[in-house]
Amino acid sequence: MLKRILITSVLLFSGLSFLPFSAHAHKILVFAYGDGPSITGEVTFSSGRKAREVEITVMDEATKKVLATTKTNDKGEFKFPIPKEAVRKKMNLLVVANVGDGHRGEWHMTPQDYMDSADHVATTGSDAPASTELLHEDSAASPAASAPAPQPSVAPAVTEKQIEQIVERVMDRKLTPVKHLLAQACEPGPSVSDILGGIGYIIGLGGIVAYFKGQKKSAS
Amino acid sequence: MHISEGVLSAPVLLSGGVLTFAGTAIGLKKLDYDRIMSVAILASTFFVASLIHVPLGPGSVHLILNGLLGVLLGWASFPAILTALLLQAVFFQFGGIVVLGVNTFNMAAPAVICYYLVRPFLKEKKYRAVAGFAAGALSVFMAGIFMALSLALSDSGFFSTAKMVVVAHVPVMIIEGFITMFTVTFLARVKPEILFGKDSDPVSQ
Numbered sequence: 001m002l003k004r005i006l007i008t009s010v011l012l013f014s015g016l017s018f019l020p021f022s023a024h025a026h027k028i029l030v031f032a033y034g035d036g037p038s039i040t041g042e043v044t045f046s047s048g049r050k051a052r053e054v055e056i057t058v059m060d061e062a063t064k065k066v067l068a069t070t071k072t073n074d075k076g077e078f079k080f081p082i083p084k085e086a087v088r089k090k091m092n093l094l095v096v097a098n099v100g101d102g103h104r105g106e107w108h109m110t111p112q113d114y115m116d117s118a119d120h121v122a123t124t125g126s127d128a129p130a131s132t133e134l135l136h137e138d139s140a141a142s143p144a145a146s147a148p149a150p151q152p153s154v155a156p157a158v159t160e161k162q163i164e165q166i167v168e169r170v171m172d173r174k175l176t177p178v179k180h181l182l183a184q185a186c187e188p189g190p191s192v193s194d195i196l197g198g199i200g201y202i203i204g205l206g207g208i209v210a211y212f213k214g215q216k217k218s219a220s
Numbered sequence: 221m222h223i224s225e226g227v228l229s230a231p232v233l234l235s236g237g238v239l240t241f242a243g244t245a246i247g248l249k250k251l252d253y254d255r256i257m258s259v260a261i262l263a264s265t266f267f268v269a270s271l272i273h274v275p276l277g278p279g280s281v282h283l284i285l286n287g288l289l290g291v292l293l294g295w296a297s298f299p300a301i302l303t304a305l306l307l308q309a310v311f312f313q314f315g316g317i318v319v320l321g322v323n324t325f326n327m328a329a330p331a332v333i334c335y336y337l338v339r340p341f342l343k344e345k346k347y348r349a350v351a352g353f354a355a356g357a358l359s360v361f362m363a364g365i366f367m368a369l370s371l372a373l374s375d376s377g378f379f380s381t382a383k384m385v386v387v388a389h390v391p392v393m394i395i396e397g398f399i400t401m402f403t404v405t406f407l408a409r410v411k412p413e414i415l416f417g418k419d420s421d422p423v424s425q
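Going down the list, the protein sequences come from chains C and G. Throughout the first sequence, residue numbering follows our numbering, covering 1 to 220 in sequence. Throughout the second sequence, residue numbering follows our numbering, covering 221 to 425 in sequence.
Keep in mind that the hints were calculated from the coordinates and are not lab data. Wrong hints could be hidden among the right ones.
[To be verified] Simulated pairs of lysine-lysine, DSS-like, Cα-Cα distance not exceeding 27 Å: (1) K161/C with K179/C; (2) K213/C with K250/G; (3) K89/C with K71/C; (4) K411/G with K249/G; (5) K345/G with K249/G; (6) K79/C with K89/C; (7) K50/C with K75/C; (8) K213/C with K249/G; (9) K161/C with K89/C; (10) K411/G with K50/C; (11) K411/G with K213/C; (12) K179/C with K64/C; (13) K179/C with K71/C; (14) K346/G with K217/C; (15) K79/C with K65/C; (16) K249/G with K75/C; (17) K217/C with K161/C; (18) K411/G with K346/G; (19) K216/C with K346/G; (20) K179/C with K79/C; (21) K250/G with K216/C; (22) K64/C with K84/C; (23) K75/C with K89/C; (24) K89/C with K65/C; (25) K179/C with K89/C; (26) K346/G with K71/C; (27) K217/C with K383/G; (28) K50/C with K79/C; (29) K179/C with K90/C; (30) K411/G with K217/C; (31) K71/C with K50/C; (32) K64/C with K89/C; (33) K249/G with K346/G.
Okay, chain C solo, but in the shape it has when bound (with noise of 0.2 Å):
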């Protein structure tokens, strides 16, 4: 009888794996960052799984006024122009996604966050000769390593403005997976300790009240 219960929940299981469902976490992850002319980000659950077709709000932290509203795709990310009176008032930004089952994310972005990548984006390099300059210094301390690469003089036609947007698009392909390994890193799940705690607390707690109904019980 039992082995046979057994079977049966064990073939059960093995065919729910196979049906598509979505399942739910604790908790929603937000990351998201200014990237040139928009802010990117991703949502994920607290497994790991990428949350898709989320809605996501963007919002003024202060006032809560929502600046603008997209979804998630198919691999959890999104991505949205900054919204223009963000960047005109500097406003500290607030991504919320929510999931619509009761799980929601937030993501805190200061100004700095997305003002770097929107301001060379509306404003016109004009400190050309400045950062040429600084080329030149980075070029001659390190002459080694770039050789070839970096000629800013013999190349009039890349101006100030491309190089720095070159510079940020690398910058920001290489720096993303950092940024997701921080943003995992400030949510670990629980540990050991975590869970031991727990229990332990519980267990006190009993032991408490049944310490004073005990006092109460030889009272009466």
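Assemble chain G onto chain C, guided by the hints.
Quick look at chain G alone, frame taken from chain C:
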């Protein structure tokens, strides 16, 4: 099953808190001295159960076990679940302190309902397994409905949310049905006084 902070409206949070307070008060009042430790043990079971992720398909679901608590503890499920959820909120950031009342009610109320609905059937050996399964599955289902209700009262439409929550929890319902069934039949065999009180005779079960 844990609703995050910042999703629910103030009236829902408040009424959840009041209901949980009332349930906890009843639970503590009804709790007799001899059962305190079994309440504590089941509270820690509940506390740990939601850390057990069962990988199914593309994602993973976690156990709730409120049906088991309900059948074994009755009204004492309220203080047990409240304590466990409080610690989960503090240690693991599941749910949150502000939504504690609503979350506790959503999971403890189905437990108490199951206690009244299912427990009478557990006494009879014939129905015990089925009743155990029903308690495990039903309590998860009802918790999903309560959760959808509290979300619906705050903003989003009830049926879409309810469908989403319940469908996602179908595997949990089945798993918990089996777990509750096995636990109940096992307890009836080895430690019937937990199920039927002190005076029951193990031989007659």
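Okay, the hints, checked on the actual structure:
| no. | hint | result |
| --- | --- | --- |
| 1 | K161/C with K179/C | holds (25 Å) |
| 2 | K213/C with K250/G | holds (12 Å) |
| 3 | K89/C with K71/C | holds (25 Å) |
| 4 | K411/G with K249/G | holds (25 Å) |
| 5 | K345/G with K249/G | violated (31 Å) |
| 6 | K79/C with K89/C | holds (21 Å) |
| 7 | K50/C with K75/C | holds (6 Å) |
| 8 | K213/C with K249/G | holds (11 Å) |
| 9 | K161/C with K89/C | holds (24 Å) |
| 10 | K411/G with K50/C | violated (45 Å) |
| 11 | K411/G with K213/C | holds (24 Å) |
| 12 | K179/C with K64/C | holds (26 Å) |
| 13 | K179/C with K71/C | holds (21 Å) |
| 14 | K346/G with K217/C | violated (38 Å) |
| 15 | K79/C with K65/C | holds (19 Å) |
| 16 | K249/G with K75/C | violated (51 Å) |
| 17 | K217/C with K161/C | violated (82 Å) |
| 18 | K411/G with K346/G | holds (18 Å) |
| 19 | K216/C with K346/G | violated (41 Å) |
| 20 | K179/C with K79/C | holds (16 Å) |
| 21 | K250/G with K216/C | holds (15 Å) |
| 22 | K64/C with K84/C | holds (16 Å) |
| 23 | K75/C with K89/C | violated (32 Å) |
| 24 | K89/C with K65/C | holds (13 Å) |
| 25 | K179/C with K89/C | holds (26 Å) |
| 26 | K346/G with K71/C | violated (52 Å) |
| 27 | K217/C with K383/G | violated (49 Å) |
| 28 | K50/C with K79/C | holds (15 Å) |
| 29 | K179/C with K90/C | holds (22 Å) |
| 30 | K411/G with K217/C | holds (25 Å) |
| 31 | K71/C with K50/C | holds (13 Å) |
| 32 | K64/C with K89/C | holds (14 Å) |
| 33 | K249/G with K346/G | violated (33 Å) |
Against the hints set out earlier in the document, violations occur for numbers 5, 10, 14, 16, 17, 19, 23, 26, 27, 33.
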